[in-house]
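*Asks:* Below, each chain spelled out in residue letters.
Protein chains: 2
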Amino acid sequence: MDGYAIRSQATVTASPNSPVMFLVTGTIAAGDDPCVARTAGAHVEYDRDGGLQTCVEIMTGAIFPDEYDACVKVEDTVPVFEPTRRRGAHILVTRPVPPNANRRSAGSDILKGDVVVEKGDTIQLSHMLPLASLGLGAIPLERKPRVGIWSTGNEMVNGNGSTRDANGPYLTAAVRYMGLPAHFLGVLDDEPASLRRHVEMAAASGQYDVLLTSGGVSKGRFDHVRAAVDEMGGEAVFHGLSIRPGHPVLFAMLPGKGGKTAFFGLPGNPGAAAACFRFLTVPYLREFQGQARELPVLAKLLRRPGTSGEKHSCSANQDTDCFRHGILSTSAAGQLMVEASAEQSPSKLSPFKAANCWIHFRPESSATIPGPGGSGLVECYPASPTGGVLLSPNLCN
Amino acid sequence: MDGYAIRSQATVTASPNSPVMFLVTGTIAAGDDPCVARTAGAHVEYDRDGGLQTCVEIMTGAIFPDEYDACVKVEDTVPVFEPTRRRGAHILVTRPVPPNANRRSAGSDILKGDVVVEKGDTIQLSHMLPLASLGLGAIPLERKPRVGIWSTGNEMVNGNGSTRDANGPYLTAAVRYMGLPAHFLGVLDDEPASLRRHVEMAAASGQYDVLLTSGGVSKGRFDHVRAAVDEMGGEAVFHGLSIRPGHPVLFAMLPGKGGKTAFFGLPGNPGAAAACFRFLTVPYLREFQGQARELPVLAKLLRRPGTSGEKHSCSANQDTDCFRHGILSTSAAGQLMVEASAEQSPSKLSPFKAANCWIHFRPESSATIPGPGGSGLVECYPASPTGGVLLSPNLCN
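Top to bottom, those sequences are chains E and Z.
FYI, the numbering for the first sequence is 1 to 397, going by full-length UniProt numbering.
FYI, the numbering for the second sequence is 1 to 397, going by full-length UniProt numbering.
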């Protein structure tokens, strides 16, 4: 604090009627050597003979001189302007000042051995203050997975019709949202040889840890992704899951330079590609970086998807994990609430204008049944995968 | 859907006992011109004389040919392998197919005149799907404010003591977290002339819309920021607010190239600098970009800061707005809860390891009083200012 460094013992008897006078012998500002008080402003000669207690003016952030043990705030002192006391500035203290008052010990914030960031933590903005205050200009981070992304589909290549590639821009942005390098590698046509050549070359290059395609993983006559993976010696870990949307999804390990490359064959329907990315690819990318498993928040379900019995409803007796987009909000009482988007067709992108979360309906879970008999709570995840924005190893850049 | 494009009218009488046979005249895949069905696979000659209904094999994503009005899914058909029907492939349909079945109209997702992004919205990941599906490769954005940041204080310049600059790395990261360009311009010593020269040059350069310093805004002998602002002809909008922490904060407009430059003189104590940035600078930067005012979430207060009557407690009778960091979480019932960090001294950075929100205690607000007589709810803001990660005008990069 801005004030005067004193010996607290000298103020024990101080009172308005019997103040204690101090001789100000100099000033120590933040950044000054505490052994060399600035005296230029004070023009002091030490008044050793007068028997006065000495003090030093001290500024917030200055290092405390050894010979004093407390700081009296400037507003708790009375300056003395007596013309006879010509040898320097003097102050009066009118109340006892406790030992260590307004003085902070080095190391009182973060102690040796304290953990600031756990292994696996993602550096968040709030971490910057304690890390930088410790002088840690750089900290070791996990290597970031590098992601390559293609879209597939003749309809987006040859100009017949007006289908636009939404998956490519979306998936590229989503990976970057996680703070990871993403390269969009183009839209491939539905030719098996071309597909295989592109994916095989990228895996062999050693430039990518994860490769993504969207489209071409169903069982139709023009769905060539699985065949391309098989032909290049890839190992399918799963092809088809009991999830909606996204059931045709493929996950494989491809042979490549210096090890295997993970490959996600996402469905082509944009809503399905987004759901598979969020619930399959994001956990993989987190695990790759040593991050902890993401936990959902629980929210009260205001509206089931497709309550009127449409095909995108999630019945409680389903044997399928359902992923539904929706809007998460809080009530005036601080209760988390979620409303599934009314339109859940994976080809409809309009609801994504407003959706801010994904709801995970687990199979046959009574927890997802609203009203009596069920808790009415569902598991929600933010629509944008969190974390990683500050994943620069150099904190000062 | 993968299936066959047919005339639905022809299936009205279809049943397992009386199926309707169709001649497959070709294939239309996604991306194909619908007027030129691929016939290579089918080797078809039209069997006009046989009087059979024709159909075309069609793939998901393909454009529907005009002469048909519904798609029968491949799994709802029976292929015919009769050797006598040598002229092409045939299928049987055993159930009526409604008009428009499994067929989607162009424009059924987002209509002309629909608003995808409102003026003032921040582009979020979820916006990418509808925007990209419309073929919008670029959209007009507000200009991003450019921010220059200094720390001040001799103690971080001349090597006396071990005080590290935490504010510089923190504020730089915080601005970047908002998706804005931030330049850390260094640590300035407490010399009025040097301070003035640096700030004046930066304002005159026209390279910054907002300039930030931390430190040197109190009323002490070494607090030169206000004087520097006055001397360069800056106009103080406010200097000192009834807030804790951060009451010495200064906001001014500086003369500069092509208009005025906003200047925030933040306090030096890191907790106070962070609070002032979050509650004063962030709203300014949002307003600059035309973004809507940020709304707090309401959470149940589990612990008041400093319940034992310490100086960092926030009494309900205060006349001051208090900003306290804390931990926001959700209960198993989906209730938002917040616990103020036990240590609230603005010089203590250890609590920032765990803090994920700021709590705003308004003066004399009964809403902030827990238990009977008060709602027990407080206003919370995420510790990291949200938004802006994807503020790249080119969606495809």
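Wrong hints could be hidden among the right ones.
As the list makes no split between identical chains, a pair holds if one copy fits it or if it spans any two.
Lysine to aspartate or glutamate pairs mimicking DMTMM-like chemistry, simulated, CA-CA at most 20 Å apart [said to hold, decoys possible]:
hint, residue 1, residue 2
1, K219, D69
2, K73, D114
3, K112, E67
4, K353, E294
5, K353, D114
6, K219, D109
7, K219, D230
8, K353, E118
9, K119, D33
10, K144, E191
11, K112, E343
Read the hints as simulated data drawn from the structure, not as lab findings.
*Asks:* Run every hint past the structure and note whether it holds.
*Replies:* Now for the hints, and whether the structure bears them out:
1. K219 to D69: Close neither inside one copy (80 Å) nor across copies (24 Å); limit 20 Å.
2. K73 to D114: neither (32 Å within a copy, 63 Å between copies)
3. K112 to E67: Answer is neither: 26 Å inside a copy and 79 Å across each miss the 20 Å cutoff.
4. K353 to E294: between (24 Å within a copy, 19 Å between copies)
5. K353 to D114: Only across copies: K353 and D114 sit 11 Å apart there, 44 Å inside one copy, limit 20 Å.
6. K219 to D109: neither (61 Å within a copy, 26 Å between copies)
7. K219 to D230: So K219 and D230 pass the 20 Å test inside one copy only (15 Å; across, 73 Å).
8. K353 to E118: between (36 Å within a copy, 10 Å between copies)
9. K119 to D33: neither (38 Å within a copy, 55 Å between copies)
10. K144 to E191: Answer is neither: 32 Å inside a copy and 43 Å across each miss the 20 Å cutoff.
11. K112 to E343: The answer is between: 18 Å across copies meets 20 Å, while 55 Å in one copy does not.
Figure legend: structure checked against the earlier numbered hints; hints not met, in rising order: 1, 2, 3, 6, 9, 10.
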